[in-house]
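Asker: These are the residues of each chain, in order.
2 protein chains.
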Amino acid sequence: MKTLIVYAHPEPRSLNGSLKDLAVSTLEGAGHQVRVSDLYAMDWKASADAADYGTAASRPLKVARDSGRAFDTGTLTPDVRAEQEKLLWADTVLFQFPLWWYTVPAILKGWVDRVFTHRFAYGVGEHSGTRYGDRFGEGTLAGRRALLSVTAGGPESHYAARGINGPMDDLLFPLHHGVLYHPGMDVLPPFVVYGADRMTAQDYSDAAEGWRQRLLTLGTTEPIAFRPQNHGDYEIPSLRLREGLEPAGRTGFGLHVRG
Amino acid sequence: MKTLIVYAHPEPRSLNGSLKDLAVSTLEGAGHQVRVSDLYAMDWKASADAADYGTAASRPLKVARDSGRAFDTGTLTPDVRAEQEKLLWADTVLFQFPLWWYTVPAILKGWVDRVFTHRFAYGVGEHSGTRYGDRFGEGTLAGRRALLSVTAGGPESHYAARGINGPMDDLLFPLHHGVLYHPGMDVLPPFVVYGADRMTAQDYSDAAEGWRQRLLTLGTTEPIAFRPQNHGDYEIPSLRLREGLEPAGRTGFGLHVRG
Numbered sequence: 006m007k008t009l010i011v012y013a014h015p016e017p018r019s020l021n022g023s024l025k026d027l028a029v030s031t032l033e034g035a036g037h038q039v040r041v042s043d044l045y046a047m048d049w050k051a052s053a054d055a056a057d058y059g060t061a062a063s064r065p066l067k068v069a070r071d072s073g074r075a076f077d078t079g080t081l082t083p084d085v086r087a088e089q090e091k092l093l094w095a096d097t098v099l100f101q102f103p104l105w106w107y108t109v110p111a112i113l114k115g116w117v118d119r120v121f122t123h124r125f126a127y128g129v130g131e132h133s134g135t136r137y138g139d140r141f142g143e144g145t146l147a148g149r150r151a152l153l154s155v156t157a158g159g160p161e162s163h164y165a166a167r168g169i170n171g172p173m174d175d176l177l178f179p180l181h182h183g184v185l186y187h188p189g190m191d192v193l194p195p196f197v198v199y200g201a202d203r204m205t206a207q208d209y210s211d212a213a214e215g216w217r218q219r220l221l222t223l224g225t226t227e228p229i230a231f232r233p234q235n236h237g238d239y240e241i242p243s244l245r246l247r248e249g250l251e252p253a254g255r256t257g258f259g260l261h262v263r264g
Numbered sequence: 006m007k008t009l010i011v012y013a014h015p016e017p018r019s020l021n022g023s024l025k026d027l028a029v030s031t032l033e034g035a036g037h038q039v040r041v042s043d044l045y046a047m048d049w050k051a052s053a054d055a056a057d058y059g060t061a062a063s064r065p066l067k068v069a070r071d072s073g074r075a076f077d078t079g080t081l082t083p084d085v086r087a088e089q090e091k092l093l094w095a096d097t098v099l100f101q102f103p104l105w106w107y108t109v110p111a112i113l114k115g116w117v118d119r120v121f122t123h124r125f126a127y128g129v130g131e132h133s134g135t136r137y138g139d140r141f142g143e144g145t146l147a148g149r150r151a152l153l154s155v156t157a158g159g160p161e162s163h164y165a166a167r168g169i170n171g172p173m174d175d176l177l178f179p180l181h182h183g184v185l186y187h188p189g190m191d192v193l194p195p196f197v198v199y200g201a202d203r204m205t206a207q208d209y210s211d212a213a214e215g216w217r218q219r220l221l222t223l224g225t226t227e228p229i230a231f232r233p234q235n236h237g238d239y240e241i242p243s244l245r246l247r248e249g250l251e252p253a254g255r256t257g258f259g260l261h262v263r264g
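Read top to bottom, the protein sequences are chains A and B. The first sequence begins at 6 in our numbering and counts up one residue at a time. The second sequence begins at 6 in our numbering and counts up one residue at a time.
Warning: the hint list may mix true and false statements.
Computed cross-link-like contacts, DSSO-like style, restricted to lysine-lysine with a CA-CA straight-line distance of at most 30 Å [claimed, not checked]: (1) B:7 x B:91; (2) A:91 x A:50; (3) B:50 x B:7; (4) B:7 x B:67; (5) A:50 x B:67; (6) B:50 x A:50; (7) B:50 x A:67; (8) B:91 x A:50; (9) A:50 x A:67; (10) B:67 x B:91; (11) A:91 x A:67; (12) A:7 x A:50; (13) B:91 x A:91; (14) A:91 x A:7; (15) B:67 x B:50.
Worth flagging that the hints you see were computed from the coordinates, not collected in a lab. The model shown is predicted, which means the values in this text are computed figures rather than measured ones.
Using the sequences and the hints, build the whole thing.
Answerer: Pasting the structure below:
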């Protein structure tokens, strides 16, 4: 297994740092290859702008079009090309981050904004009467597995079905489905540590053991059963889910998961 | 009316730039005061780290606790203090941004991560058997109105109830409820321009007219009816919505909207 870990926390001696270190040692101990993108240590540039596209940047700047042209002509900046290369090298991609304001820290959002360029992660494949690009189950990163490892300050009840923050599965849907499944990756159920702000030594020990088990079963864990875009579940080009495919009463993001 | 516009797009001659300019001229033309935080022009630092908290940064760094101490002792960096001051000055806060990967661009996420510190935007108020802090309807920014003005590349059908991206209201929920309602702001329904990647002159004219109408009715538009945390709808401290309060069949994020 070849695993890329994308890690976003400013403090190495944090819970997130420990979980990242544990992933490296566990996977290497099991004979796998591991590469880490430690975004804070790399001083990762978070904000996408014209400088990212070199000579492909037009005036006025068109982010989608120009990023795709820079990808096609090899004029993306070296930091972005290195991350794209790591993604192509990997068969498994883990993301380790704290939930800040119900999603990823800005530095990790900036990794997505800059690395997931047009023609690499979107705008790929045929657009026709029966296809709307290679995406949602197909695309450049098809055949790879992805997993979010997330720490949340609050207790689990706040993120439960009736919890005030909304269900964790719904909070992560735009990342799972919109960012990872979109360019073709299979997405494994997330690993979430709740109550991260007030953990005891025993809590940490339990979390670490849970994480080790997830790491050692990455290859056999069943992905979330998102619906592929181009295989009949959606009308094209409206991309509206056909009626009657979902279990009775299901609405919202959950519509896009089978069964 | 005193309006702060937080604007995040790298190209002044973009649709987002035009909508921001239109907001300034429309509001000023109606006699209101306007301030703009143009995050790209300000070269806004997106990634939260120890440098943000000055002498309040501990080793190892604790982001929540240290940011709260820096807020309490006035040692946050001047850029962050300036934004907090603008928020306290404003009675209305508009956000103008393109939807990138189903949420805000990294630079705007970084504005939230760094400006919405502990003790300013969370960790405020009494925690007891009947209250869990001043949040979700109460807090530092109570009494202010907020509105997201968003451009989306794809057509509206992709973001409809059965659309492949999920419903726009659900995609925006973590921002509306988790970021804006959390520190107490009333959140107005969003203004969304779809199909932003292929607009005709007529499309732009229609969008501009729609935006002008929204701007001229900011003071009288009904906010989204999110449920306040501390007034009986939630069990404390589980923050689980009590049974039977919602319309039959409603689930997910929609549970947290009344009626």
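Asker: Could you run down the list of hints and mark each one as holding or not?
Answerer: Hint check results:
no. : hint        : in the structure
1   : B:7 x B:91  : holds, 10 Å
2   : A:91 x A:50 : holds, 17 Å
3   : B:50 x B:7  : holds, 25 Å
4   : B:7 x B:67  : violated, 35 Å
5   : A:50 x B:67 : holds, 22 Å
6   : B:50 x A:50 : holds, 10 Å
7   : B:50 x A:67 : holds, 22 Å
8   : B:91 x A:50 : holds, 26 Å
9   : A:50 x A:67 : holds, 19 Å
10  : B:67 x B:91 : holds, 26 Å
11  : A:91 x A:67 : holds, 26 Å
12  : A:7 x A:50  : holds, 25 Å
13  : B:91 x A:91 : violated, 41 Å
14  : A:91 x A:7  : holds, 10 Å
15  : B:67 x B:50 : holds, 19 Å
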